[in-house]
Amino acid sequence: MSAKEGQQHPIAIYLWIWLLLFVFSTFSYGVDYFHLQGLLRWSLILLFMFLKAGFIVAIFMHMQWERLALKLAILVPPLCLLILIGLMAVEGDYTFLTRSESFTKPETPTAPAHGTSSAH
Amino acid sequence: MAVETATSVVHPAGVTPGLPGVATDFASDKQAFVVPWGKAMMWIFLLSDTFIFSCFLTGYMHVRISTTVPWPNPSEVFALTIAGKSIPLILIAIMTFILISSSGTMAMAVNMGYARRRGKTAALMLMTAGFGATFVGMQAFEWTKLIVDEGVRPWSNPMGAEQFGAAFFMITGFHGMHVSAGVIYLVIVAMKVWRGDYDRKGNYEIVEIAGLYWHFVDLVWVFIFAFFYLW
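Here the protein sequences come in this chain order: B and V.
Quick note on numbering: the first sequence equals residues 1 to 120 in my numbering.
Quick note on numbering: the second sequence equals residues 1001 to 1231 in my numbering.
Hint data in this document are derived by calculation from the structure and do not stem from the laboratory.
Please note that a few of the clues may not be correct.
Said to hold, decoys possible - Take a look, some chain V residues computed to stay more than 12 Å from chain B by CB distance:
#1 T1067
#2 G1084
#3 R1116
#4 R1118
Said to hold, decoys possible - If you anchor each label on the Cβ, the simulated ranges turn out as follows:
#5 V:A1181 with B:I13: 27 to 35 Å
#6 V:F1033 with B:I11: 35 to 43 Å
#7 V:A1027 with B:A69: 20 to 28 Å
Backbone N, C-alpha and C define an ideal beta-carbon position, used for all residues, glycine too.
All chains should be built: construct the whole structure from the sequences, respecting the hints.
Right, dumping it as structure tokens:
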């Protein structure tokens, strides 16, 4: 491979990944079509999403054949997004509780002044 | 001694001091990654784009968690009535398959490029751009249906939480913009391939770099499809 220029791989591998992506997409559409709910729905959505994303990055974008330095430089920094997502989930829950507490009870004296728009 | 050090910074032999030194240091031929510089730069650009889309999706997560009004059900909002039967999310599913197919043709184009098959490379890239343009067209249809027929606005909608419109237009709009820019980019590179620019230059790296961008657009759609349409 190193003797050849750039990223050259058998064409069959692209066709297989293409087919796989179709299959995974059909499955994830099936999750919605058959109205799966709850934990099963969310875990299946995430599973198919990560499989698709993984194959696109690894094969179509050739990441699997790159050197470790490039892999780390590109794939490690996005991990800090997990902190953002975690913080925002906690913050969102807090905001939800605050809104439920303050804006959705009509008997609260200050509710009409602030709460009319967000409580619909 | 103290007086001396202020003026006599020790330079290794052969390097330029002062401001011109800054320029030569930054411009000097040092390579961190053993790939063409254009490819490294594209990857770094895509990394920054990852953060942009992640911020949008995280913002969407936050407003969806924090609203006390029920979130509109995307499965129903994006249903289409075909032959008298309402099929959930069908347009979005077709758009997903189109974008995946465009990624497939793009991967083949990169392969053909490195095999020095000029005509096939250009044709496959134009096919990719065609799929991309179809995707944007269907998105325009989807937006029109939502805005005109269903009255969805960034600040309100008849189905539920107001934040739905803002998140939807922001996220899919930004993605659609990326697809549109990608179509233009692909057409330009395909023309250059067709003209034989890269045969003369002796390498087809540009096709692979354009491919990276295009696959990234597909990658972002995978996440939007999962989090916005299916969740």
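Here's how the hints hold up against the structure:
{"no.": "1", "hint": "T1067", "in the structure": "7 Å, violated"}
{"no.": "2", "hint": "G1084", "in the structure": "18 Å, holds"}
{"no.": "3", "hint": "R1116", "in the structure": "10 Å, violated"}
{"no.": "4", "hint": "R1118", "in the structure": "15 Å, holds"}
{"no.": "5", "hint": "V:A1181 with B:I13: 27 to 35 Å", "in the structure": "28 Å, holds"}
{"no.": "6", "hint": "V:F1033 with B:I11: 35 to 43 Å", "in the structure": "26 Å, violated"}
{"no.": "7", "hint": "V:A1027 with B:A69: 20 to 28 Å", "in the structure": "22 Å, holds"}
In this structure, the earlier hints numbered 1, 3 and 6 are contradicted, and the remaining ones agree with it.
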